[in-house]
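Asks: Line order of the protein sequences matches chains U and H. Just so you know, we're using full-length UniProt numbering here: the first sequence kicks off at 1 and counts up by one. Just so you know, we're using full-length UniProt numbering here: the second sequence kicks off at 1 and counts up by one.
These aren't lab readings, by the way, just hints derived from the structure by calculation. Glycine included, C-beta positions come from ideal geometry on N, C-alpha and C. It is possible that some hints are incorrect.
In silico contact screen, one side only, chain U against chain H (beta carbon under 10 Å); selected entries [to be verified]:
| # | residue |
| --- | --- |
| 1 | 169 |
| 2 | 173 |
| 3 | 174 |
| 4 | 176 |
| 5 | 179 |
| 6 | 180 |
| 7 | 181 |
| 8 | 182 |
| 9 | 183 |
| 10 | 185 |
| 11 | 189 |
| 12 | 190 |
| 13 | 193 |
| 14 | 197 |
| 15 | 200 |
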Amino acid sequence: MKAYLSDRMGAALLMAPLLLFLGAAYAWPFFGVVNWSFTLPEPGLGQYGTLLSDPLVQSVFVRTLRIAAIVTIVSVAAAYAITVVWVRGTPAQRVIAEFCILVPFWISVLTRAFGWVALLSNRGLFNTWLQAIGFISEPLTLVRNEFGVIVGMTHFLIPFAVFPLASSMRSLDDRVLLAARGLGSSRMRTFWSVFVPMTRSGIIGSALIVFVFSLGFFVTPAILGGGRSVMVAELIYLRIFQSPDWGLGAAISVVLVLFVGALMALVFRYVRPRQLI
Amino acid sequence: MQQPGRAAEIKAIGIGKSFGSFRALDGLTLDIGRGEFLTLLGPSGSGKTTFLMILAGFVQPTDGRLFSDGVDITERPAEQRAAGMVFQGYALFPHMSVEANIAFPLKVRKKSAADIKRRISEMIERVGLKGHEKKLPSQLSGGQQQRVALARALVFEPGVLLLDEPFSALDKGLRGQMQAEMKRLHQETGTTFVFVTHDQSEALALSSRVAIFNHGKLLQVGAPDEVYDRPANRFVAEFLGEINMLPLKDVRNADNGATGLCEDRTITLRGNASAVGSNAILAIRPEYMSIAPEATAGENGIAATAVASTYLGAATRLDLTTRQGAKVTVSVPNEVAASALSKGNSVWLTWPAEKGFLLPDGGQ
Numbered sequence: 001m002k003a004y005l006s007d008r009m010g011a012a013l014l015m016a017p018l019l020l021f022l023g024a025a026y027a028w029p030f031f032g033v034v035n036w037s038f039t040l041p042e043p044g045l046g047q048y049g050t051l052l053s054d055p056l057v058q059s060v061f062v063r064t065l066r067i068a069a070i071v072t073i074v075s076v077a078a079a080y081a082i083t084v085v086w087v088r089g090t091p092a093q094r095v096i097a098e099f100c101i102l103v104p105f106w107i108s109v110l111t112r113a114f115g116w117v118a119l120l121s122n123r124g125l126f127n128t129w130l131q132a133i134g135f136i137s138e139p140l141t142l143v144r145n146e147f148g149v150i151v152g153m154t155h156f157l158i159p160f161a162v163f164p165l166a167s168s169m170r171s172l173d174d175r176v177l178l179a180a181r182g183l184g185s186s187r188m189r190t191f192w193s194v195f196v197p198m199t200r201s202g203i204i205g206s207a208l209i210v211f212v213f214s215l216g217f218f219v220t221p222a223i224l225g226g227g228r229s230v231m232v233a234e235l236i237y238l239r240i241f242q243s244p245d246w247g248l249g250a251a252i253s254v255v256l257v258l259f260v261g262a263l264m265a266l267v268f269r270y271v272r273p274r275q276l277i
Numbered sequence: 001m002q003q004p005g006r007a008a009e010i011k012a013i014g015i016g017k018s019f020g021s022f023r024a025l026d027g028l029t030l031d032i033g034r035g036e037f038l039t040l041l042g043p044s045g046s047g048k049t050t051f052l053m054i055l056a057g058f059v060q061p062t063d064g065r066l067f068s069d070g071v072d073i074t075e076r077p078a079e080q081r082a083a084g085m086v087f088q089g090y091a092l093f094p095h096m097s098v099e100a101n102i103a104f105p106l107k108v109r110k111k112s113a114a115d116i117k118r119r120i121s122e123m124i125e126r127v128g129l130k131g132h133e134k135k136l137p138s139q140l141s142g143g144q145q146q147r148v149a150l151a152r153a154l155v156f157e158p159g160v161l162l163l164d165e166p167f168s169a170l171d172k173g174l175r176g177q178m179q180a181e182m183k184r185l186h187q188e189t190g191t192t193f194v195f196v197t198h199d200q201s202e203a204l205a206l207s208s209r210v211a212i213f214n215h216g217k218l219l220q221v222g223a224p225d226e227v228y229d230r231p232a233n234r235f236v237a238e239f240l241g242e243i244n245m246l247p248l249k250d251v252r253n254a255d256n257g258a259t260g261l262c263e264d265r266t267i268t269l270r271g272n273a274s275a276v277g278s279n280a281i282l283a284i285r286p287e288y289m290s291i292a293p294e295a296t297a298g299e300n301g302i303a304a305t306a307v308a309s310t311y312l313g314a315a316t317r318l319d320l321t322t323r324q325g326a327k328v329t330v331s332v333p334n335e336v337a338a339s340a341l342s343k344g345n346s347v348w349l350t351w352p353a354e355k356g357f358l359l360p361d362g363g364q
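One chain only, chain H, in its complex shape (with noise of 0.2 Å):
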């Protein structure tokens, strides 16, 4: 985090915070690579807003040390480490005008009036606010004063980037818009980002890898597909998406994989998915399921009963009852949750071998 114009290695030792008997943060133990786009995502109370708080020298955590770029900063002042910071809300200062908020990382660093003004009005160009400059906050749209919370923390070219919900209060339309630009903005000055949301859809879109808390616990570390396709837990399948369960009996490992019963069919898996008991729970996410009049040899599937749809313009989403009763929701075509309502009976659901997961059964 000290060396401008360079991307910080951030190593997170057994961090722990505790406020009074409120453990909020324990034993985080992370490495965030140099130029990585890094998404610390969870419920709120989850501890990762602390993390952030840590990381960014406002926050001294209870136990543990942090290091950038092998140097100890545990005990390192906000002001010394010099991280950007886009807050929530964007904190921008209300009395100084779009330069000015700009120019005020660089005038702390008491650099020359040429420099601030040729580096200001390159990162106005860049974050697209040309024609801005003289105007206070107050008289932006929420979008452009995002750009500015988002200049105002890179012109200095910090080593880290550290981002805490910054478009929470945008709507979906200028969100998505907004998303698009940090990750060209990741890209184009590659610095490293590390970035706090609590939605998975966000979470998932932009960044390099996701690390998911709950209850003051890091509780996985992946790149997006790596959690979305293999979590390591429930809290973790459940929380990025819509996920089915079906319980697994008589698991045993197989070959590249495992196999099991559910509903008196066996199931096959395919992949990383190993046995860790005899009973466990099926995890398949809605998108890799099917339906199909007839079951097939040799393919996954068990019988289900339609119950319902909800009309989502590009798909359907049909909740269906197995027969035993538990309940699967699949996101299907249109056409296909027609025809499998109107038949009233039972349909085939199947999935592929390499698409269901096995997490332990019961708990967490």
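Chain U extracted, bound-state conformation (with noise of 0.2 Å):
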């Protein structure tokens, strides 16, 4: 009993430096963006009255929305097709996979905006493929909008939809799809009515993380969305920077804080902590 006393003891005291750290630079400040939310310019609940009445507000609130869940299934798609080739692969599959799981952690996401910029502006590499090979006259126009935002932000996102799947596809029994074949069913039907709901925990982890994660995204939209497809992280940007409307921008901030963390209490019902990473 003593021991196990001691043993919590030295564990809180090597936690203590984290939690502090926590409290002073994320808790702390958060408090105080909260009560700027109910006092500027005056005391009340003014700030949330105006993101509930305001259209250009609520246009960015849905626009978030909108390219989160587009960006969510995207990511999630094209995350199952590389996890399942990286845990059920052939080992030189597995290498290959893990490489395009890992490189994009290796490079920073201010590198990763500016290179889709290159690749789909005007004059950028696709635009100028596609005019040469004569299947389009005029350039597209790929990037400065949603579609390049939603772009920018599958690729970046689409390494952390595989780490939940990869859990789920791991922990499968893999007597479950040789029974499946041996009662008769193809390899088709075995993947889409045994293997995909088996694994459905990890497409709703890795679904719910890819959501959150969106809905905060401020580096890639700024860029790729060229201003004119602001999501609601740069609106609170500019709020707080760009104009002396602090209260509105404290009050978006709260809301969206409040509703993350709704999702992330959604997302731990389904995934442990420890499969995400």
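Join the two chains, each given in its own frame, into one complex according to the hints.
Replies: Okay, here's the thing in structure tokens:
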């Protein structure tokens, strides 16, 4: 009992710096932001009222949800295919898949966003090639719009979608798949009616993570959206840094944090934190 | 395996399987009769499961051919062979209800909804799962999951049912119950059953024939009493149950059997025992041996001293040593054991002439 207590004390002491840091760097400032949202420019719920009535704020929220939803669907679908190869492929396929999953992690988010600008802009690689082979005559608008934002965000988020999927695919009992085939089911049918349903928790976990990450995206939409496809995080930035409207920025922040918090609570019902990395 | 509702006849010719340099199965030739209950018995790594996987089509043999009802199915993929299969650990679909699990092979075969409904309710009735139709596998006990696995494997009337150690996860009581159930299902369906186990008592209790494997080789095939009473070699003899072995000298063929010398006593063997050399090993199952106070002329018997006993409830296991130091175990009624031990001196071990058999001296 004594040893157990001292173990717990030891663990608490080891965790203390982290908790202090989180408290000082995140919790305390956040309470400040909550405070602003109720006090600037005057005390009351005025900013939350604006938030509910201002068509601009609402259009940004709707756009954010739409982009997050599309990015989630595309990322999870792509990640699913990659993960199947990574977890169940031949050794050579696994190495290739692993490389594709890990390389994006080593490249900064800024570099990747500008990389996409270079690829997608009017005089970028895609448009030049498509014009060169005569597929199009006028350049397509692939960037500084929602399309560009979705491409950039999907690319960034696929690796994050992979991990929960991989853990659900790894824990799957191979004999169940053999059983399906032995009962006369084709590989296709086995995949759709046994494999996919059995990785359901991975799909849900993966989708929630991508969705939550998408909601708070800042750099990628700011660069690839070119100010025309503003998402919530960028709106907060604009309110706080480029206008004196701190109260509204703070209120939007609070709503975003609450929404994300609720979704994270949902995530952890399906996925253990350990499976996310 | 292709005609539903009809038991399949399988012929394996020279089947071998190598995993790299490891020879998992070697030169296996075996006929599995229509409607037979064949058990593949052997220690782990003996090749029995590999052979089952080859029958199912999950593993491709490195050499040899496999025929079902005269048709070569060596290269036919598992989903087209459609042998019913019950896996170790059942391998039920965890996201599907009992009903949906059993319906799966029928849906894959695009049976009509009415047909599926009728067959599921028939099957659920047959394996005693009424009232559990809507439950998920995780809500069922081990025995119930086992029943679902059996129902799912039998519902599409496969020509052969393959079972991979299906009872290994069940406790002893449930095991006996499921064994009886399986025997009944075999009789009712008339399908060919191929059953893998490492438990010899299970093999002897269930099968019409037992095939014994070791180190990738098929050692012997025969009816349970045949392989138990007349094992082809020492491995089979020892694997199927306890056995006493005594060195036998001066072995020669005799009228309807053989004779030999064991510790200066003349021993006779009757039945299909024949001398293979002048020295051999005489093998007798412990339950065929009994204890007598004196030697009787003309009967097999040797002198021994009781050294220890183990009370087993219904009987007592008695360990004895012969004059020349061979160790023998017998299973005798409790009071016989008590008197043999209390005497502390020599008793006679006797056995009928037709219960002894010869194994080649030395090696396997």
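Asks: So, for every hint listed, does it hold in this structure?
Replies: For each hint, the structure was consulted:
1. Interface restraint check: residue 169 (chain U) against chain H, minimum CB-CB distance 14 Å, threshold 10 Å, status violated.
2. Interface restraint check for residue 173 (chain U): the shortest CB-CB distance to chain H comes to about 6 Å, inside 10 Å, so the restraint holds.
3. Evaluation of the residue 174 (chain U) hint against chain H yields a held restraint, the C-beta minimum of about 9 Å falling below 10 Å.
4. A cut of 10 Å between beta carbons decides the hint on residue 176 (chain U): the least distance to chain H is about 5 Å, and the hint holds.
5. For residue 179 (chain U), the interface hint holds, since its Cβ comes within 10 Å of a Cβ in chain H; the closest pair sits about 4 Å apart.
6. The beta carbon of residue 180 (chain U) is positioned within 10 Å of a beta carbon in chain H (closest approach about 7 Å), and the interface hint is therefore held.
7. Nearest Cβ of chain H to the Cβ of residue 181 (chain U): about 5 Å, under the 10 Å cut. The hint holds.
8. The criterion of a C-beta within 10 Å of any C-beta in chain H is met by residue 182 (chain U), whose closest approach is roughly 4 Å, and the hint holds.
9. The beta carbon of residue 183 (chain U) is positioned within 10 Å of a beta carbon in chain H (closest approach about 4 Å), and the interface hint is therefore held.
10. Checking residue 185 (chain U) against chain H by beta carbon gives a least distance of about 5 Å; that is within 10 Å, so the hint holds.
11. At its closest, the beta carbon of residue 189 (chain U) sits 6 Å from a beta carbon of chain H; the interface hint therefore holds under the 10 Å criterion.
12. At its closest, the beta carbon of residue 190 (chain U) sits 8 Å from a beta carbon of chain H; the interface hint therefore holds under the 10 Å criterion.
13. The closest approach between the C-beta of residue 193 (chain U) and any C-beta of chain H is roughly 8 Å, which is under the 10 Å cut-off, so the hint is satisfied.
14. Hint status for residue 197 (chain U): holds, given a least beta-carbon distance of 4 Å to chain H, under 10 Å.
15. For residue 200 (chain U), the shortest C-beta to C-beta distance to chain H is roughly 7 Å, which falls under 10 Å, so the interface hint holds.
Checked against the numbered hints above, the structure violates only hint 1.
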